[in-house]
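A.B. asks: Residues per chain are reported as follows:
2 protein chains.
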Amino acid sequence: MFRQRLTDCADAIQTHLDHVLSEFERLPVVDAMAHATNGGKRLRGFLVLESARLHDIDPKAAIWPATAIEALHAYSLVHDDLPCMDDDDLRRGQPTVHKKWEEATAVLAGDALQTLAFEMVTRPEVGTGDVRANLAASLAKASGAQGMVLGQALDIAAETSIVPLSLAQVTTLQQGKTGALIEWSATVGARMSDSDLAPLSTYSKALGLAFQIADDILDVEGDAATIGKATGKDAGAGKATFVSLLGLDEAKRRASQLVESASDALSVYGNNATALRDAAAFVVARKN
Amino acid sequence: MFRQRLTDCADAIQTHLDHVLSEFERLPVVDAMAHATNGGKRLRGFLVLESARLHDIDPKAAIWPATAIEALHAYSLVHDDLPCMDDDDLRRGQPTVHKKWEEATAVLAGDALQTLAFEMVTRPEVGTGDVRANLAASLAKASGAQGMVLGQALDIAAETSIVPLSLAQVTTLQQGKTGALIEWSATVGARMSDSDLAPLSTYSKALGLAFQIADDILDVEGDAATIGKATGKDAGAGKATFVSLLGLDEAKRRASQLVESASDALSVYGNNATALRDAAAFVVARKN
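Heads up: the sequence lines are chains A and B, in that order. Counting from 1 along the first sequence, just add 4 to a position and that's the residue number in our numbering. Counting from 1 along the second sequence, just add 4 to a position and that's the residue number in our numbering.
Be a bit skeptical, because a hint or two may be false.
Since the list gives no way to pick out one identical chain from another, each pair is judged satisfied if it fits inside one copy or across any two copies.
[Unchecked claim] Calculated lysine to aspartate or glutamate pairs in the EDC-like style (CA-CA distance at most 20 Å, straight line): (1) 209 with 35; (2) 256 with 268; (3) 104 with 163; (4) 64 with 129; (5) 243 with 264; (6) 45 with 12; (7) 145 with 129.
To be clear, the hints were calculated from the coordinates, so they are not data collected in a lab. These numbers come from a predicted model, not from an experiment.
Chain A extracted, bound-state conformation (with noise of 0.2 Å):
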């Protein structure tokens, strides 16, 4: 059931973003645009539209910034794959926009993903203006220079750094590289109700964490045939992750209660909130 509802908020998110994207006009950066966002989980747009769903928003403006989140996180993949980042042949098991078409159609259409997440969150159909500029300051505040680029503006530094980083220092990096957005998809319908974001937020940071220890796991374990991208990059580089850190029994543990811990959190939504526990747990079992 939640594998069904899944699939059901990634449809919904393409549909929208086709529609979107067919208004502009058919350049290469518009495909670019088309391609960087086709396929991938939408777990973003999968916990926006879950968290709208338990404060009974509209679905129809709550597609907007599910949306909009999964065109910002398709900028920050478009970007961090280029040749002067990390350099990837491949993403969603595709090939990499720099790849597909050059650099400078990546960049751009990076850019231009960007700008559409904040035009998509301030449509008039997302709600008052108090909520509109709520969504928009808020998800610039999670995905700026104090949130996720803070996050790989230290994955930066650690690369040319000699000393590995600490536990404390990799779990900051990845709060701001992947948490900061995972918080921001999941707090979105208590903001577009103006409800008390803590339970949301309490979750999400542990959703967040979880889902990064599990990257690190598959990066270890995992198959890149099914992940769609190369996998050992990170262990290959010496670089400093939640396995490296903890050991690869000590990490899965630790996400294991990671899960336990996103579940209590939403203890005020009852059963309601069902989706958003089996979410947490498919983030740690995920082969991809």
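Since chain A is already given, all that's left is putting chain B on it; use the hints.
C.D. replies: Chain B alone, transformed into the frame defined by chain A:
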């Protein structure tokens, strides 16, 4: 008097930017953001502050969108200068970000400057939720794949085309590449006071085009040391510009005409709009 006002605006924006950036963790990416936003004429920020003054907006509110548009403009320059784009070593007489640091930091700093722009226009200090949402939505539209990025994408497409662009195509390209942000800047005051955008919109469309024609003239007639970046690049690359399409004399005549149209559009504001009229004349007369 106009020069003094331009300098005062530039100083106010610099002070505000320094303050905002001082709250970020002092990583290379944040230093790069400061470097990229340092200097320049601040024409866009000036347009924001002047249009806000025309509409009796509190300068303490207007400084946020003024600083935001300079951050957004700086992001576009940092990415434009990248080796895969225009490959420029010099900007405002200083090494470009990827030269002073490296490409990864330039990509990230540009990304974070874009995010910062949206963070700044949605700050609570700016105004009501409606105003903040309007500014963010319109800024996204002006800078995305239907505005600035569209212009940049057309520019990239033109480089690989064997047919040189027509005057109409160069005009569309430039209206996206520089015109959209200039128009946004000049209409901020009307947006913040929920007033008619038309006079400032007509003014800024003429201003933006005059600005670009002047840029093309400077590329032919200007002095690299004064401008702070390489000249003769467009002519050398056989790129269609207003000068190559119209000839130098006709280009100058059109620029003057546009300055007049820009001034005329502001008649509703009477003498209050003198600084904006002077800005139009300045844009064409400038040497850098």
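A.B. asks: Flag every earlier hint the structure violates by its number, smallest first.
C.D. replies: When the structure is compared with the hints, numbers 1, 5 turn out to be violated.
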